[in-house]
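Participant: Each chain, letter by letter, is given below.
Number of protein chains: 4
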Amino acid sequence: MPKEYCGIFGVFGHKSAGRLSRLGLFSLQHRGQESAGLVVDDRGEFHSRKGMGLVSEVFSAKDIEGIKGTSAIGHVRYSTSGESTPENIQPILVRHRDIPIAIAHNGTIHRSRELRKKFEDDGVIFTTETDSELILKMYTRQKGSRPERLRKVLNRIKGAFSLLVLFPGELYAVRDAMGFRPLVMGRKSRAVIFASESCAFDIEDARFERELKPGEIVKVSRKGVESFFLEKAEKCRCIFELIYFSRPDSFVFGQSVYESRLNMGRNLAMEAPVEADIVMPIPDSANIQALGYARQSGIPLEFGLLRNHYIGRTFIAPHQEIRDLGVRIKHTPIRTAVRGKRVVMVDDSIVRGTTSKKLVDMIKKAGAKEIHMRISSPPIKFSCYYGIDTPDKKKLIASKKSAEDIRKFLKVKSLYYLSRQGLEKACRGDGYCFSCFSGKYPL
Amino acid sequence: MPKEYCGIFGVFGHKSAGRLSRLGLFSLQHRGQESAGLVVDDRGEFHSRKGMGLVSEVFSAKDIEGIKGTSAIGHVRYSTSGESTPENIQPILVRHRDIPIAIAHNGTIHRSRELRKKFEDDGVIFTTETDSELILKMYTRQKGSRPERLRKVLNRIKGAFSLLVLFPGELYAVRDAMGFRPLVMGRKSRAVIFASESCAFDIEDARFERELKPGEIVKVSRKGVESFFLEKAEKCRCIFELIYFSRPDSFVFGQSVYESRLNMGRNLAMEAPVEADIVMPIPDSANIQALGYARQSGIPLEFGLLRNHYIGRTFIAPHQEIRDLGVRIKHTPIRTAVRGKRVVMVDDSIVRGTTSKKLVDMIKKAGAKEIHMRISSPPIKFSCYYGIDTPDKKKLIASKKSAEDIRKFLKVKSLYYLSRQGLEKACRGDGYCFSCFSGKYPL
Amino acid sequence: MPKEYCGIFGVFGHKSAGRLSRLGLFSLQHRGQESAGLVVDDRGEFHSRKGMGLVSEVFSAKDIEGIKGTSAIGHVRYSTSGESTPENIQPILVRHRDIPIAIAHNGTIHRSRELRKKFEDDGVIFTTETDSELILKMYTRQKGSRPERLRKVLNRIKGAFSLLVLFPGELYAVRDAMGFRPLVMGRKSRAVIFASESCAFDIEDARFERELKPGEIVKVSRKGVESFFLEKAEKCRCIFELIYFSRPDSFVFGQSVYESRLNMGRNLAMEAPVEADIVMPIPDSANIQALGYARQSGIPLEFGLLRNHYIGRTFIAPHQEIRDLGVRIKHTPIRTAVRGKRVVMVDDSIVRGTTSKKLVDMIKKAGAKEIHMRISSPPIKFSCYYGIDTPDKKKLIASKKSAEDIRKFLKVKSLYYLSRQGLEKACRGDGYCFSCFSGKYPL
Amino acid sequence: MPKEYCGIFGVFGHKSAGRLSRLGLFSLQHRGQESAGLVVDDRGEFHSRKGMGLVSEVFSAKDIEGIKGTSAIGHVRYSTSGESTPENIQPILVRHRDIPIAIAHNGTIHRSRELRKKFEDDGVIFTTETDSELILKMYTRQKGSRPERLRKVLNRIKGAFSLLVLFPGELYAVRDAMGFRPLVMGRKSRAVIFASESCAFDIEDARFERELKPGEIVKVSRKGVESFFLEKAEKCRCIFELIYFSRPDSFVFGQSVYESRLNMGRNLAMEAPVEADIVMPIPDSANIQALGYARQSGIPLEFGLLRNHYIGRTFIAPHQEIRDLGVRIKHTPIRTAVRGKRVVMVDDSIVRGTTSKKLVDMIKKAGAKEIHMRISSPPIKFSCYYGIDTPDKKKLIASKKSAEDIRKFLKVKSLYYLSRQGLEKACRGDGYCFSCFSGKYPL
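Protein chains in written order, with numbering that gives the first Met the number 0: chain A, 0 to 442; chain B, 0 to 442; chain C, 0 to 442; chain D, 0 to 442.
Chain A on its own, in the form it takes in the complex:
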């Protein structure tokens, strides 16, 4: 599936705000491994730590323990907009009229290039390529109270984003009007915590409280918690959070990610049964779907591929040798498991088709007799403009080829995609964004 994007975390009113944020970001690491950043409010003094790499590389426990402060926001990032440079690491921290402001966001703003251009025509200079800087520059140009200024800015921009803004003594959490990206709120004794996913609460024994409503602005200060709302818009939740992005132990949009994926696998087995010897997942993103398929079909599960988890940041980085060396660095086949077998390979999605092809070849070479590919989502035919790093439409294999042509390209015996209905049923609920399948964009 497409590359992960971003995770945000915030805490207000806890004496170990820095330490909690480090742990929270660690739990959100699957949402971005390229860079990590943290800003802590120590009675009006803002301390910042940033770097390229994993949370564990960027923040040492010792360093973070040393940072005092009771509120903080943090960010892990895979680049959706903005180059992979240190300047673009979030949170963005500035001082304006002697007051520090830090901002971190997950997602993307619609038409941000045009907005930036208009500013530049008025003589404004941008120093990063982040949408966060754009939001900040819009914010400082508004009048009124902080929540009013935030509302004015966010009503003017469209997009799929979750946002955290830290002022001395105040923390704001915002979910875009259509609710594309998840953002949840929790409590650890009196402290208020925000995170992209609920899994960040487990690590620190925090209590899940609720998901923010689409268009909700939550303000937290010494006076307590208040809510404000952006102008109304139709609900539109990114279905890929459930298919791929979120961690299986999270609850997202009110659903258990684990259960949704188990259902996807089950529905896939009902929609596309096949006679075979083993079911095997593409690890780790399709593990649970494969389990669902195996259980529903009665075909035994095998771990036919081993995923190497020791790939460091360098190997992950964009423009990397991996693509050249193929998927071999990340995956190796387990011959014993697949030799002479009729194999059902379960994956979460197909983007370009190149990785799938290499994996199919690998499993064949390891001795599989025949391969049946099962994909637990519909064909991705359209680019995403809401924060997911899908390639140009032209590079999406399903935008150009029929399922049958893809089957031929992959050289598998059969190929089946989960139907939209099957997916919807698996995820329950409604109001999902299916634009990457349908091309019907909500904005």
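Do not take every clue at face value.
The list makes no distinction among identical chains, and a pair is therefore deemed to hold if it is satisfied within one copy or across any two copies.
Below, in silico cross-link-like pairs of lysine-lysine (BS3-like), each with a Cα-Cα straight-line distance of 25 Å or less [to be verified]: (1) Lys-357 - Lys-368; (2) Lys-380 - Lys-157; (3) Lys-67 - Lys-364; (4) Lys-142 - Lys-117.
Think of the hints as simulated: they come from the structure by calculation, not from any bench.
Computed from a predicted model, the values in this text were never measured in an experiment.
Position chains B, C and D relative to chain A; hints supplied.
Facilitator: What follows is chains B, C and D alone, placed relative to chain A:
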């Protein structure tokens, strides 16, 4: 299970010796994440790269591509002897009489402290704490041809080790006389390759040729491959390579690791059946055993625990906060999978019992109704002196407590260890070292 | 004397623009040792190198050789405004409407805080504390051609500054309307070079051409060299360039610095003769003045103090232990030279008086019989607001004490300051700024 | 003159042993700028700090303050033997039989290559290229008490060296039997201090006590100070310590360096008077000699050359661009001082002649009418084997050319070297090594 220890890799006669070694070490990364090192022979000039951390952190592809040379040896390490300091990173490279010698070993030498002491009494100064330096100092004091000198040294020392020694134009691979540690040989066109495990061959399309015999010294030079032998000894292969250390896609001691583990799970299910709702592994080390148990018992497999793979080097390092923070950083429960269930938890082994206890608590807190622990090896009652980082006997829970007492300590409904016969049958073959179970030490 | 401040260097139209700038900055190193920066224009791509420390530490020859480009500007800095942080290292490089702009300045803008504040009230965010950023933000908000926009901005601000602005294919050099700070122009074959002092031309065999006129804007492009002028103002040249800042091999404001200082020493000897055994300078800043005094008086010169030139950046940095450890790290007495002698100590100026006192003590302790202090400038009674890092008026010893009281404080036999007339005569010319002596500020 | 070599510093019995050593090394920085190292004895725990670069770069005040310990030895180095690599940075610290030993030396051991070779033939492996390691390996192979073992080793080796050896609770200082290199002892209250030159005592208010005798071993422990002696040998003190190496504020071999140099200049003026307008030194090494010449001759002194002191380590490093860029980076002429003048240029010595030639050209180009070169030592015709980095005899200009031929090569009006008698008289005393002038080597 005990911490991993070391992996070694060598190549002779390939123009990309550095690059192959980097990839080979990457495949052996599970055998040691603390440091990595590489020495390349470029027509008699030896180039060395070393560092603390993962292969991907220590060697950049670009740097390694730039190192010319047709032979190389490399090492990944988890400290068994020697402190975690840069000086102790292998391979050890020295010059003696203007000739460079590099040495890397996996394992441990019996009574090395006494041997070092005797040397020191003669005025010799050691600059590292590695057994490799000891072997080197013994070697340079011998007379005769290189293989003769190696034989003289290695006949004098006992221990569990695999060894690679690189001279300009010559590479030696040695397996200890009892064959404790694995060492395999492969080919990539004309180049000869050595590795701790066969999985290192897959990544580079090399051909597995054979395992070295216990006590075999293989010399590779332009003239070809020759074998020499150490004084005979009884075969004694470390069973934990199959239980825990080796990667499931490797063949070790002639066995498929994957199949051995599947058998362990199956035998465990036959020896200790139980009525339950789900079977779940402690990931990732017991994944395959759990699959075997589930398949044999008919109880459905579930992934009840999620393992966070983004734990960087800092988190792994000894004396780390992890132990304090508990296992929560590494594992999180998936509530949806275990809530209300009677759970069979499958693990590869129990050492101190503290981690197991925390995992049991975690799964209970996530809502499991009752827990049945199944261990796919016999109780570890004795320390290992052959290269595995087991704690003092006193800290081994099974050395002090009966299975029933451990069950009470873990607060599980039932606890069962795989019998030695069950384990032996699962691994086929014979000549294994069971000293950590039996206390009968071969040396 | 007060701490040094800044040096700037620019080159247009030379294929080794980076290398020339590195050498030029090296020659200007005495004007700032805290940080160094360089921006090179490579056909519209701007490459930047910056760092804390000396030119030789920040730019390696190898790195700089690797940077292509035919125009460049560079900066060495001792902080006058702005904290000593990496963000504040000049040149400041931004992109505006996809066009890179780099700017470096030497000096200070009058009332820059008020100007910044006004901008902030309009919602503008500053990311550095430099005046260069302020000038940039004013510039991008103007309309018209580049020279017009520069003129509009610089007519609006008062101050003592020399400025270099680099655009793709165009380089602007500006001297403030009153001509406080020097800025000279030279040629190396067809290339045009700018530097704070002429000494930067010698190192690269460039030809000194002329000093920029006060208020002159020189534009260099492929079309050649053009001049524009700011609104007229009275000439007001910083006399401390001749007393202390500039290097003795430079020509500044049309004067030889060496000769001016020799004259200062001579005039001082005529104004304040004394019977003594030796004349000794406080090295290195009063070496030439002492030579002048010795020559005029006929009293033999001795090197009574040794200056340690190996003080690295760390020792120089503000808030340093030096002040605590006293001047002993920087200076040591040569006992042989001063023991039993009546000593004339020549210094360039006295600021706080604390260093002078320590040096007097040191020379006394080394055995001098009596000490006569001679200062080659009038008493500094007032703070400088034009770019020199003088302390608050309160801390200037001469603002509170008469010469006789200072003599008593220093515990010297006699103390004499060069008269303003003596200084003016030594420096020839007119139109100097004497505000630190007189308190009559031109702005 | 030849490149500087090494400086050593030791302290016993002071609670700020680390801080004192840092300051002491800072005072000895002129003896070596390539690397610096420090080992502190904290009740038997030895802490080591080392790095390439200046003392101020390698040791931060803050870091050193943090190192506890009451004894220490330190080293600054310019490579005489051994490549410029981190491994070769002294002091060399090892553990032998669980006891740490640190050693630092200044100088060179005669025939050390042969000695190393003999060791290697016995199977010994060297890990550095330093003579210190050789001494250590010889030491650990001896029997007896520490002073006995040291004596045995040092009687066996010849050479020009000063040595410091630190054991837990004991510090040894050794001067070679012929007394080539200086080594002085001082006191700071009860603490005992050793240094290559007395100037290291001034910075820390320590009291100069005495120079070690040739062949003296001083042992300092809690019990006090004891002396032992090596086998007797003829005194042979390096005259270049007075001509060039030592700092002018030091007393070396019982002489004031400042006065010796003043005398050299005076004697040179008497031996080789000339009619001229100005006398100018090659700064800084001939400053004092030039002053002597000027005073004796009555010709006024001028500073015709400016030396740039901001050349960092990178610029100093061997194999540097400096040589290519010529001396222009280090020296610039002061036109005002030399234009139209008949100039007496005073230098301390001529080695290859290439630098002198460049400086002569520079002064001519700056407008000097005629140049008279005066060298304050005899022609260097032979290489030094006692620790000074002179080039091969072939590269010494005076080994191949007569004074008249050198004059022609330099294109100066006259050239005169100080006579050996004139030098001896200037330095008083006797027992100096003149082998670089005479070719008569004492060993």
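Participant: Hint by hint, say whether it matches the structure.
Facilitator: Comparing the hints with the structure gives:
Taking the closest pair of Cα atoms, Lys-357 and Lys-368 come within 25 Å of each other only inside a single copy of the chain (16 Å); across copies the shortest separation is 43 Å, beyond that limit. When the C-alpha separation of Lys-380 and Lys-157 is checked against a cutoff of 25 Å, the pair qualifies only within one copy, where the shortest distance is 23 Å, while the shortest distance between copies is 60 Å. Neither within a single protomer nor between protomers do Lys-67 and Lys-364 lie at most 25 Å apart by alpha-carbon distance, with minima of 56 Å and 32 Å respectively. In this assembly of identical chains, the alpha carbons of Lys-142 and Lys-117 lie at most 25 Å apart whether taken from the same copy (19 Å) or from different copies (15 Å).
Going through the hint list in order, the structure does not satisfy hint 3, though it satisfies all others.
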